[in-house]
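A.B. asks: Given next are the chains, with one letter for each unit.
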Amino acid sequence: MASITLAGVSVEFPVFNAASRSLKNRVLSVATGGAIDRRTDGHVIVRGLEDVSCAIKEGDRIGLVGHNGSGKTTLLRVLSGIYRPTSGSAAIDGDCVSLINISLGIDPEATGRENIRLRAAMMGMRPDELRKQFDEIAEFSGLGDFLDMPFRTYSSGMQLRLAFSTSTAIRPEILVMDEWLSTGDEDFKHKADKRLREIVSTTKILVLASHSRELLQKNCNRILWMDHGRVRMDGPANDVLPAYFG
Amino acid sequence: MYRTFRTVGPGQNKRTGYMLPTRTGFVADAFADIGAALLKHHLATTFSWQDVAQRYRRSRVGAFWLTINMGVLIGALGFVFGTLFRTPMHEYLPYICVSLIFWGFISTSINEGCTAFIGAEGIILQVRMPLFTHVLRTLYRNAIILGHNILIYPLVLLSVGRMPTWDIFLALPGFVILTLNLLWIMLTLAVLCARYRDMTQVVQNMLQVILYLTPVMWMPKTLPEGISRLLLDLNPFYHLISVVRDPLLGDVPSATNWMACVGFAVVGWTAALLLFSRYRHRVPYWL
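In the order they appear, the protein sequences are chains A and B. Sequence positions in the first sequence follow our numbering and run 1 to 246. Sequence positions in the second sequence follow our numbering and run 1 to 287.
The set of hints was computed from the structure by calculation and includes no laboratory data. Bear in mind the structure is a predicted one, so any value in this text is a computation, not a measurement. Keep in mind that a hint or two might mislead.
Residues from chain A shown here face chain B by an in silico Cβ test under 7 Å; the list is partial [stated by the list, open to error]: (1) F13; (2) S80; (3) Y83; (4) D107; (5) P127; (6) L130; (7) K132; (8) V231; (9) A237.
Listed next, with one range per pair, are the computed distances between beta-carbon atoms [claimed, not checked]: (10) B:P164 to A:M149: 40 to 50 Å; (11) A:G142 to B:F169: 33 to 43 Å; (12) B:D198 to A:M149: 36 to 46 Å; (13) B:F26 to A:R171: 52 to 62 Å; (14) B:V267 to A:R152: 28 to 38 Å; (15) B:D233 to A:R152: 48 to 58 Å.
Virtual Cβ for every residue (Gly too), placed ideally from N, Cα, C.
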């Protein structure tokens, strides 16, 4: 059973201004004999999330809404296991894949084939899995002979095709997305949409951050409304969406 | 109360992502990270080959530029210092060859270890991957470069008409203990430099000084009379380079060399693990 349980999660970022980030200043301030208070040594703290609690179970399709800076990305990172909460607890059960930046790890000078390998490694695919899926990925991208050309020679649409085909080849239990991925020309867009819907329906838990009401309405059954790092509203899509979009 | 979790790579069949209640500073946590990185070492391998390939893409000679550069350096320094120290070339040239190749490996590994986490910021903030993977990647990258450079060694031996002895095989365990030591140094520096960005510069400076304090260009036997052996024996880098270099030059490293290396590794890893378990979770916040 895949599940995510957040209890009283807070995330605080230390902001190291020039005065505290460097060792030099720490040593110098000791040497000059100034009064040092560890707590007032210039640490500014930005609170990204504050006391967030929620239980997500299998079958949940969570939509994340909120204004810029409301903590959506931070929450996505907590859910993907990147940030460990500074207080509270986060228990994430199940393997989690994020489709946030699908071009991460791509080398423009490498060929399409090499990039499929690089991108797949970045997604956490093991070599034997990749061998099984490689042809399917290559075919889905529809790039044909261009797969042997350096990535930089591709048009931006073709680049996205390659990144998309590779990134969507895995079937995680928990899928985290920041906005819907829609790519390529009409023809590919159709194929891509179909593939994305397929992943969304097979994944056990979906977390999708979006600003599009239509998209959220279509894919999510539960909406978390984030505001200033706190959960402002958490409930069925039909209740929260009208409240948020007004 | 802190709780954390471990996830194994997606698509694996066995039940993944079990919870592991723990506190910060729980060493099992650090072991889990390192274990996962070793288990998924294909990640480090893939990325490190990629790093090397990327640097020499579209060059005809490719990564063998490394070999050429190193070869020229060895030839030039060998000639200059061999003359200065009045050491016969058939003795000095192989010495400086092996010394420079392995010192290059040691110093770039440590230098780049400082930026292992900083340089992987994009990955660390987007993908859940063991942090130790980034340290391994840096080490592998430098090992690949070492592999290119070591090709000069047989050429130099041939050119001065020397034959390797069976002792050469002792270089293998020596290399293992050397990399074990490098790994803990790199892990420690990767954590510290992510937090204190000036550390990178400090380390660079220290490596410069260590290069001159360690017998790399000069030979231990050229130390003038009356200078204490302590200059050598208290320098861990002397022991680290000796366990690999001596066998390649037909000598057997001393028991002191080996004991120092093993001791350095044990003490170092203990400290590195404590540091890593304490601050592993803070690293993404520092980037």
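A.B. asks: So which of the earlier hints does this model not fit?
C.D. replies: Those not satisfied are hints 6, 7, 8, 9, 11, 13 and 14.
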